[in-house]
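Assemble the complex: chain A is given as a structure, and chain B must be docked to it using the hints.
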Amino acid sequence: MSINLQALSAQLLVGLINGSFYALLSLGLAVIFGMLNIINFAHGALYMMGAFVAYFLLNLAGIGYWPALFLAPIIVGIFGMILERTMLQWIANLDHLYGLLLTFGLALIIQGVFQNYFGSSGLPYAIPDALKGGVNLGFMFLPIYRGWVVIFSLVICIATWFLIERTRLGAYLRAATENPTLVRAFGINVPLMITLTYGLGVGLAALAGVLSAPINQVRPLMGADLIIVVFAVVVIGGMGSIMGSIITGFTLGIIEGLTKYFYPEASNTVVFVLMVLVLLVKPSGLTGRTT
Amino acid sequence: MTTITDNSIPTTQTRGTKDEMIAFVIMTVLLAAVPFSGLYPFFVMQALCFALFACAFNLLIGYGGLLSFGHAMFMGTAGYVTAHMAKVGTIGFKVPLIGEFMINMGPLSPELSIVFGLVAAFVLAVVTGLIAIRRQGIYFAMITLALSQLIFFLYLQTPFTHGEDGIQGIPQGMLFGLFDLSKPTTLYYVILVGFLIGFLIIFRTINSPFGEVLKAIRENEPRAISLGYKTDQYKLMAFILSGTLAGFAGALKVFVAQNASLTDVHWTMSGEVVLITLVGGLATLYGPVVGAFVIIAMQQYLAGFGQWVTVIQGVIFVVCVLTFRRGIIGEIGHLFKRSL
Numbered sequence: 010m011s012i013n014l015q016a017l018s019a020q021l022l023v024g025l026i027n028g029s030f031y032a033l034l035s036l037g038l039a040v041i042f043g044m045l046n047i048i049n050f051a052h053g054a055l056y057m058m059g060a061f062v063a064y065f066l067l068n069l070a071g072i073g074y075w076p077a078l079f080l081a082p083i084i085v086g087i088f089g090m091i092l093e094r095t096m097l098q099w100i101a102n103l104d105h106l107y108g109l110l111l112t113f114g115l116a117l118i119i120q121g122v123f124q125n126y127f128g129s130s131g132l133p134y135a136i137p138d139a140l141k142g143g144v145n146l147g148f149m150f151l152p153i154y155r156g157w158v159v160i161f162s163l164v165i166c167i168a169t170w171f172l173i174e175r176t177r178l179g180a181y182l183r184a185a186t187e188n189p190t191l192v193r194a195f196g197i198n199v200p201l202m203i204t205l206t207y208g209l210g211v212g213l214a215a216l217a218g219v220l221s222a223p224i225n226q227v228r229p230l231m232g233a234d235l236i237i238v239v240f241a242v243v244v245i246g247g248m249g250s251i252m253g254s255i256i257t258g259f260t261l262g263i264i265e266g267l268t269k270y271f272y273p274e275a276s277n278t279v280v281f282v283l284m285v286l287v288l289l290v291k292p293s294g295l296t297g298r299t300t
Numbered sequence: 041m042t043t044i045t046d047n048s049i050p051t052t053q054t055r056g057t058k059d060e061m062i063a064f065v066i067m068t069v070l071l072a073a074v075p076f077s078g079l080y081p082f083f084v085m086q087a088l089c090f091a092l093f094a095c096a097f098n099l100l101i102g103y104g105g106l107l108s109f110g111h112a113m114f115m116g117t118a119g120y121v122t123a124h125m126a127k128v129g130t131i132g133f134k135v136p137l138i139g140e141f142m143i144n145m146g147p148l149s150p151e152l153s154i155v156f157g158l159v160a161a162f163v164l165a166v167v168t169g170l171i172a173i174r175r176q177g178i179y180f181a182m183i184t185l186a187l188s189q190l191i192f193f194l195y196l197q198t199p200f201t202h203g204e205d206g207i208q209g210i211p212q213g214m215l216f217g218l219f220d221l222s223k224p225t226t227l228y229y230v231i232l233v234g235f236l237i238g239f240l241i242i243f244r245t246i247n248s249p250f251g252e253v254l255k256a257i258r259e260n261e262p263r264a265i266s267l268g269y270k271t272d273q274y275k276l277m278a279f280i281l282s283g284t285l286a287g288f289a290g291a292l293k294v295f296v297a298q299n300a301s302l303t304d305v306h307w308t309m310s311g312e313v314v315l316i317t318l319v320g321g322l323a324t325l326y327g328p329v330v331g332a333f334v335i336i337a338m339q340q341y342l343a344g345f346g347q348w349v350t351v352i353q354g355v356i357f358v359v360c361v362l363t364f365r366r367g368i369i370g371e372i373g374h375l376f377k378r379s380l
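Protein sequence lines correspond, in order, to chains A and B.
Last residue of the first sequence: 300 in the working numbering, with the numbers rising by one and none dropped.
Last residue of the second sequence: 380 in the working numbering, with the numbers rising by one and none dropped.
One chain only, chain A, in its complex shape (with noise of 0.2 Å):
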C-alpha cells in the first residue's frame, strides 16, 4: 500500500485538532468531576455557546477573534457559576446521576434554543488576519490557523496541569476534593472553590468553543456529538489524573485522524471500538483508579 505523505499528514493535522479539543473538553469534564462529583452533560452545550459567545461578539459588538478568546471564556464560565449555583448545588449530597440528569437537561434546553433560533446550519466565522495562509513545510501545507490552535490548545492543557497541580490554589482544589469537610475547618471556602471550579472547567470548553468556531463553523449541535465522543475519551483514559486526560486526548485525536487516512468508514467509531477494548483489558482506564 503506497502512502500518500500529503493526504496522511492533512489527516493528522484534523486528528490533532480534534484531540486538541478532546483534551480541553475532557481536562473540564476531568476538573469538574473532581470537585462537584458531577459529569457534566452540559460541556457540548457550553462548548457550543463559547463559539456562538465569539459570534455573537463579532457580529453584534464588533469585537473581533482576540478580545473573544479571553471574554467568551469569561462570560460562558459566568454562565456556568449561576448554573452551578442557582442549580447544581442543591443536588450536591445526590446520588451521581442526578447530576448527570440535571445537566443532560441544561444541554437540552441551551440547544433548543440555539437552535431555535439558528436552525441547524452552519455560521460562518472567519479566521483572523493574522492567522491567515499557510506554510509549506514540503512534505505539507500547514494552514497557520490550524498549527495555532493545536499549539495553544496544548499550552492552555499545561498551564491548567500547572494550576492544579503545581499551585497553591491547586493544592486546596486537591485537598478539597479528597476530604473538603476537612479542608473547610481550615477555614477555606470551599463553596466558592467549587464554583470556580465549574467556572473553570465550563471555560476550558467555551475557549475550544471559541478556537473551533473559524474551522468547523458554528452550529448550535456542533457540541452534542462531540460530547458523547469526549465521554468515551473520559472511559479510556479515566478521570484520576489531569495529564492523563490532555494525554489521552491527543492520542485518541491522532489515531481518529489515522483512521480517516487507512479506513475512513471506521473514522466515526474508532473511539468507541477503542473504548470496547480498554475496557475488557484494563475496565479502570488508562490512569483511573477504580472505581
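Mixed in with the good hints there might be a few duds.
Label-pair distances were calculated between CB atoms; the ranges are [to be verified]:
#, chain 1, residue 1, chain 2, residue 2, range
1, B, S266, A, R193, 29 to 39 Å
2, A, M149, B, V359, 45 to 55 Å
3, B, V166, A, V290, 31 to 41 Å
Listed next, the stretches of chain B that the computed footprint assigns to chain A, with coverage defined by at least 3 CB atoms under 8 Å from CB atoms of chain A [what the hints assert, rightly or not]:
#, segment
4, 90-96
5, 174-186
6, 309-322
7, 336-350
8, 361-373
These are calculated hints, taken from the structure and not from any lab test.
Each residue gets a CB set at the ideal place from its N, CA and C atoms; glycine is no exception.
This is chain B only, laid out in the frame that chain A set:
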C-alpha cells in the same frame, strides 16, 4: 449518600403486591376500554410501546441502580430487524475466505419478524452488557451512551437500514395467520396484549427473589457481594432482560408506526426514555406507564412548536431533578404510603 431512588416505601410483601395487583386490574380495564372511548388509538398504541420501553428501562435503573443512557439501541435494533424481516426477509453475512451468503426467506409473518427482532436485541444486550457492567455508576451511563452511539453509526452505514430514509412502508400482515393487523382495533388489542405480557414479566421479576437481590445490589453493592451474591451476574441478567424487553417494545412499535428509522437509535431517544421514567417515578411499577402517556401526549400537543419541545423536555428534566424526584406515581405512593 442517597441512592437513585427514594421511592422504596416499606410495606409488607403481601400488601405491596396486593396494591399492585389492584392497580394492574384497573389499568387493564381502562386500556381495554380505549377503542370504545373515542380516544385516538394511534396515540394510545404509541404510548403503550413507549410505556413498555420505559418499564424495561426502569427495571434496570429503578431496581438495579444502573442508569443506561443508551437504551435506544435495543429498541432501534429490534425495530430495524423486525421491519427488515417483515418487509424483505433476507439475512446476508460474510464469512472471511469463504464468501458471502444470503438466506432469502421472503417477507416473514409478524410473529416471526418479532422473534427475529427479539433475538437481535437479546444478542446486542448480551454483548453490550458484558462490556458495560465492568464499570459502575456514572461510568456505566457514559459507556452505554458511547456504545449506543457506536451502534447508531453502524446503522447509518449498513445498507439494510436505508440510512437517513429508514425502512418505510412495512406491511402489517396477519399475526399467527389469524389477526389482521391492518385493522386498527385488532392492531390495538395485539399491541395491548404485547404490552401486558412485557409488563407482567417485569412485575414478576421485581417481586421474585432475583428482584430482591437486585434491590440489595442497588442499595449497597459491596454488602451484597459480601453476602455471597455474584453481583455481576445479577446485573448482567437484569441488563439482558431489560434490553430484550426494550427490543420487544421496538418490535411492536414497527407495526404501529410502519417504519423504522435512525430516530429510534439516536441518543435523544435514550434521553426520552429517561425522561419518561423520571416524570412517572423511578423505581415504581406504574410510573413509566403514566410517564409515557404524559410525555407522548405532550409531544402530540406541542408538535407545532418545533424545537421548543426539546427546550420543554429539558425544563421538565431540570424541574424533576430539583424538586420532583419521586415522580408522579412516586408522589402518589408517598402520599398514601403505598407502593405502586
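* **Per-stretch coverage check for the segment 174-186 of chain B, three Cβ contacts closer than 8 Å to chain A** => Three-residue rule met by the segment 174-186 of chain B, so holds; n is 11.
* Proximity test - 8 Å, beta-carbon atoms, the segment 361-373 of chain B to chain A, at least three hits -> Coverage by chain A holds here, the residue count being 3 at a Cβ distance below 8 Å.
* Asked: Within 31 to 41 Å or not, the Cβ separation of V166 of chain B and V290 of chain A?
  -> At roughly 20 Å between Cβ atoms, V290 of chain A and V166 of chain B fall outside 31 to 41 Å, so the hint is violated.
* Count the residues of the segment 336-350 of chain B whose CB lies closer than 8 Å to any CB of chain A, then report whether that count reaches three. => It holds, with 5 qualifying residues against the three required.
* Asked: If you check the beta carbons of M149 of chain A and V359 of chain B, does the distance land in 45 to 55 Å?
  -> 52 Å, holds
* Asked: That 29 to 39 Å hint for S266 of chain B and R193 of chain A (C-beta), does it hold up?
  -> Holds, since S266 of chain B and R193 of chain A (Cβ atoms, about 33 Å apart) stay within the stated range.
* Asked: Has the segment 90-96 of chain B got at least three residues whose CB is nearer than 8 Å to a CB belonging to chain A?
  -> Per the Cβ count (0), the hint is violated.
* **8 Å C-beta criterion, at least three residues: is the segment 309-322 of chain B covered by chain A** => holds (count 3)
Hint check: violations occur at hints 3 and 4; the rest are consistent with the structure.
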